[in-house]
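Protein chains in written order, with UniProt numbering: chain F, 1 to 192; chain S, 1 to 192.
Among the hints, a few may not be true.
Distance condition first, Cα-Cα at most 20 Å in a straight line; then the derived PhoX-like pairs of lysine-lysine [stated by the list, open to error]: (1) K48/F with K128/F; (2) K61/F with K128/F; (3) K58/F with K189/S; (4) K111/F with K58/F; (5) K99/S with K61/S; (6) K189/F with K168/S; (7) K189/S with K168/F; (8) K48/S with K48/F.
In short, the hints are calculated from the structure, not lab data.
Number of protein chains: 2
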Amino acid sequence: MSQSYIAPVELEKAYRLLNHGPTVLVSAQHGDDRNVMAAAWACALEFKPAKVTVVLDKSTKTRQLVEQSGYFTLQVPCYAQLNMTKQLGTISKLDDPQKLEHCGVELFYQKDLTSPLVSGCIAWLVCKLIPEPHNQSAHDLFIGSVVGAWADSRVFRDGHWHFQDAPKELRSLHYIAGGTFYLIGEEVKADL
Amino acid sequence: MSQSYIAPVELEKAYRLLNHGPTVLVSAQHGDDRNVMAAAWACALEFKPAKVTVVLDKSTKTRQLVEQSGYFTLQVPCYAQLNMTKQLGTISKLDDPQKLEHCGVELFYQKDLTSPLVSGCIAWLVCKLIPEPHNQSAHDLFIGSVVGAWADSRVFRDGHWHFQDAPKELRSLHYIAGGTFYLIGEEVKADL
């Protein structure tokens, strides 16, 4: 997959990549062990320094890798990745060690960062875990400081999403339940 | 406004009201003092017992009311409320004591609950604050246990959203920045 559309996003505007509530893919790597899972419960937490939250269940392989490595990537999958996103949220690598191959995931890396990124997504936030033992244990809630952010310039540029000018395949996914998602829709502006 | 469309939602399915990442309105009341603000950073946290997170800045009146009363309501505004939602996120009641009147907010209450609900929204989650002093002070992060949930049956019924069958005015809003929102779009289903 070509990475020619991937452009850096100012960290202070990284919250905008998550602000409209897309379903995300969470990736992490410890040594040679890596995984990706889908998650609907990710959210911005702070503008500056940019921080995010994500809920990672104790049963997931990805959570183990986040705890071991201290890093994770949140990325925004798009309509072209609908089936992959569903599968990444259904199959556990603890049951299927070949999960990533079976789901068709291709990973890449940004300079000097060891947390993997998923090819074909429309936005990526590489995050350093801010350890919060109580939140992690009592609420499965993980907080990360955003150390690098990128987006596909066909749909996010100049600090804003431009879904209306791009192919439908690049729209973000918003999960409900049972394999049903919504695509992000029409842009509207308040006039007051 | 007629409340004839408001139907209860099972607490175990209340997460579905937030799962697609809508912008919310946060309301709270202490004594006769009440307020409503818009927030993009709200998220489900747990299925059962149903819990949610919401980020409330220290500068907001609504945060004071949540801390004083121990309760808040998250509600999902719709396209018909676009300008009101923008204004509720822009004006502070600390600057304009008549904020709710100026924004055109009408409140109502569910039986035995003192946390107010905003008329015209499409979903409501009344929450009891789970006090977490560290999260509130260090991260502006508030956790609530959902004690009652309702939705507009024209767009949410049988545990699922049905945006495609309803008027566009009832679509949820997904805030980016600068008065720009996206409406939720088309329903798609994974086929794997």
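### Query
If you draw a straight line from the CA of K58/F to the CA of K189/S, is it 20 Å or shorter?
It is violated: about 27 Å lies between the C-alpha atoms, which goes past 20 Å.
### Message
K48/F and K128/F were given as a pair; does the straight-line alpha-carbon distance stay at or below 20 Å?
### Response
holds, 14 Å
### Message
So if I understand the rule, the pair passes when the alpha-carbon distance is 20 Å or less; does K189/F with K168/S pass?
### Response
Satisfied, since the Cα-Cα distance of roughly 15 Å is no more than 20 Å.
#### Entry: Agreement of K111/F and K58/F with the hint, judged by alpha carbon distance not exceeding 20 Å
The hint is violated at about 30 Å.
### Query
Within a Cα-Cα threshold of 20 Å, do K61/F and K128/F meet the stated pairing?
Within the cut-off at roughly 18 Å; holds.
### Message
With the threshold set at 20 Å, check whether the alpha-carbon distance from K48/S to K48/F stays at or below it.
### Response
violated, 33 Å
### Message
For K99/S and K61/S, compute the direct alpha-carbon distance and say whether it is at most 20 Å.
### Response
holds, 11 Å
### Query
Keeping to a limit of 20 Å between CA atoms, is the pair of K189/S and K168/F held or broken?
Within the cut-off at roughly 15 Å; holds.
The earlier numbered hints that this structure contradicts are 3, 4 and 8.
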